[in-house]
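Since chain A is already given, all that's left is putting chain B on it; use the hints.
Top to bottom, those sequences are chains A and B.
For the first sequence, the residue numbers in the numbering used here are 1 to 214.
For the second sequence, the residue numbers in the numbering used here are 1 to 164.
The reader is advised that the hints may include incorrect statements.
Stated by the list, open to error - Example chain B residues on the side facing chain A (calculated, C-beta under 7 Å, incomplete):
#1 L13
#2 A33
#3 Q39
#4 I43
#5 Y49
#6 V65
#7 N68
#8 Q105
#9 L106
#10 N117
#11 L140
#12 G141
#13 N146
#14 K155
#15 L158
As the list claims (entries may be wrong) - With a straight-line Cα cutoff of 35 Å, these simulated DSBU-like cross-link-like pairs (lysine-lysine) come out:
#16 B:K121 with A:K33
#17 B:K114 with A:K108
#18 A:K28 with A:K8
#19 A:K211 with B:K155
If you are wondering where the hints come from, they were derived from the structure by calculation, not from laboratory data.
All residues carry an ideal CB built from backbone N, CA and C; glycine is no exception.
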Amino acid sequence: MDELEILKKQWQSQEQVLPHLSYNDIYKMLLKKSSSIVKWIFYISIAEILFWTLLSFLVPESSTKFSDDIGLHNILLGVNVLNYSVFGFFIILFYRNYRKISTTDSIKDLMRNILRTRKTVKYFVIYNVSASILLIIGINFYYYVNQDIVFRFMTEDYGISNISQERFMKMFFVIQILFGIVMIGFVLLFYRIVYGILLRRLYKNYKELKKIEV
Amino acid sequence: MNQELEHSFVTQLEENQNIVHKICRLYTNDSDAHNDLFQEITIQLWRAYPKFRGDSKFSTWMYRVALNTAITLYRKSKRSIKTQDFEGVSFKITTEPYDDTTELQLKLMYSAVKDLNDIDKALVFLYLEDKNYREISETLGITEVNARVKMNRIKEKLRTIINP
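Bound-form chain A, shown alone (with noise of 0.2 Å):
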């Protein structure tokens, strides 16, 4: 007989030395809380969204009165409508999606529904970063057609003076794409770390399975 077959025939014909937990001791871990992926993921992606939410909220007020002031007013409402409606549909499907996780589902579907709804919060994520690249680029790309109001309007709202139009924008544009970079390369390093971490035991296993069904 080969050793599975001896293992499994121990297995239950006697039972191994286990631990054994008395009635108290389960009940305690009623009130305990959860540690669960699916929890982390959850507060996670809340995080995020608000994150990216408030983000949106967070333009100071002289920067608004700039951004009327060169004409961009009805552009930039027009961005924000679409941007609140692309919102408002990822966390109707994140919700969505995070409810369907069920731990009496088998183990295939269970992984799946955990990676999608994670996958639900990537894709805004990814959404965000390039809106907020195209916007970037959409606006400065408006800015050096227009430089002159630009610096017309920057020297007035700003108080910016002693600066030739020429070093000025040359350092405008300089600190805008700076800023653009390090923004980004925040939000990658902030994906790496977190979900490298949390989902690279989840994806390997949900690798695994799938290879079964090939």
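Then chain B, alone, in the frame of chain A:
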């Protein structure tokens, strides 16, 4: 009502706790991790309990939730010391005559099972618990044929580990 539910849940889990302990032992390497996993499984079982209709046995229903929790719970990957696996399990061998080789073989086999990946381990666990392939395939979410094929491959793999 809630107290009644709590009472019936805890009573049933107390009776069937060996299933959970066996899973914890397979999926963890020390007693701290064992207890953490046991607790998490208990919480997940309790959460899912209102949905448990009683149309299957409590123990049958437990397998799925417990394995799901074991496989998806985030754990820090500790470099486990291989020899620990030998200490980790002991069987009460009562077969006559008592045989050293049998025990050694058992331990070798058990540690080989423990070294399998999370999914293969779930399959072997259900196999050792004498679940049929229909149940195994439903718990994992794969087809019955694939479950059989996979199980045969794992058996082959284990055989080569034990008898190199």
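Cross-check of the supplied hints:
A distance limit of 7 Å between C-beta atoms decides the matter here; for L13 of chain B the minimum to chain A is near 5 Å, and the interface restraint holds. Given hint, A33 of chain B at the interface with chain A, is violated; its Cβ is 12 Å from that chain's nearest Cβ, farther than 7 Å. With a cut of 7 Å, the hint placing Q39 of chain B at the interface with chain A holds, because the nearest CB-to-CB distance is about 5 Å. Against a cut-off of 7 Å between C-beta atoms, the interface hint on I43 of chain B holds, since the closest Cβ of chain A lies about 5 Å away.
The criterion of a C-beta within 7 Å of any C-beta in chain A is not met by Y49 of chain B, whose closest approach is roughly 10 Å, and the hint is violated. Checking V65 of chain B against chain A by beta carbon gives a least distance of about 5 Å; that is within 7 Å, so the hint holds. Because the beta carbon of N68 of chain B sits about 5 Å from the nearest beta carbon in chain A, less than 7 Å, this interface hint is met. Look at Q105 of chain B: its Cβ gets to within about 5 Å of chain A, closer than 7 Å, so that hint holds up.
Residue-level restraint check for L106 of chain B holds (minimum Cβ-Cβ distance to chain A is 6 Å; threshold 7 Å). Hint on N117 of chain B holds. Least Cβ distance to chain A is approximately 6 Å, under the 7 Å limit. With a least beta-carbon distance of about 5 Å to chain A, the hint placing L140 of chain B at the interface is held under the 7 Å criterion. Checking G141 of chain B against chain A: minimum C-beta separation of about 3 Å stays under 7 Å; hint holds.
At its closest, the beta carbon of N146 of chain B sits 5 Å from a beta carbon of chain A; the interface hint therefore holds under the 7 Å criterion. About 6 Å separates the beta-carbon of K155 of chain B from the nearest beta-carbon of chain A, less than 7 Å, and the hint is met. Taken as an interface hint, L158 of chain B checks out: its beta carbon lies about 6 Å from the nearest beta carbon of chain A, inside 7 Å. In summary, the hint linking K121 of chain B to K33 of chain A is supported, as the alpha carbons are separated by about 27 Å, within the 35 Å threshold.
Taken as a hint, the K114 of chain B and K108 of chain A pair is honoured in the structure, with Cα atoms around 21 Å apart against an allowance of 35 Å. Restraint check for K28 of chain A and K8 of chain A: satisfied, since their Cα atoms lie roughly 33 Å apart, inside the 35 Å limit. Among the hinted pairs, K211 of chain A with K155 of chain B is consistent with the structure: their alpha-carbon atoms are about 17 Å apart, no more than 35 Å.
Of the numbered hints listed earlier, those contradicted by the structure are 2 and 5.
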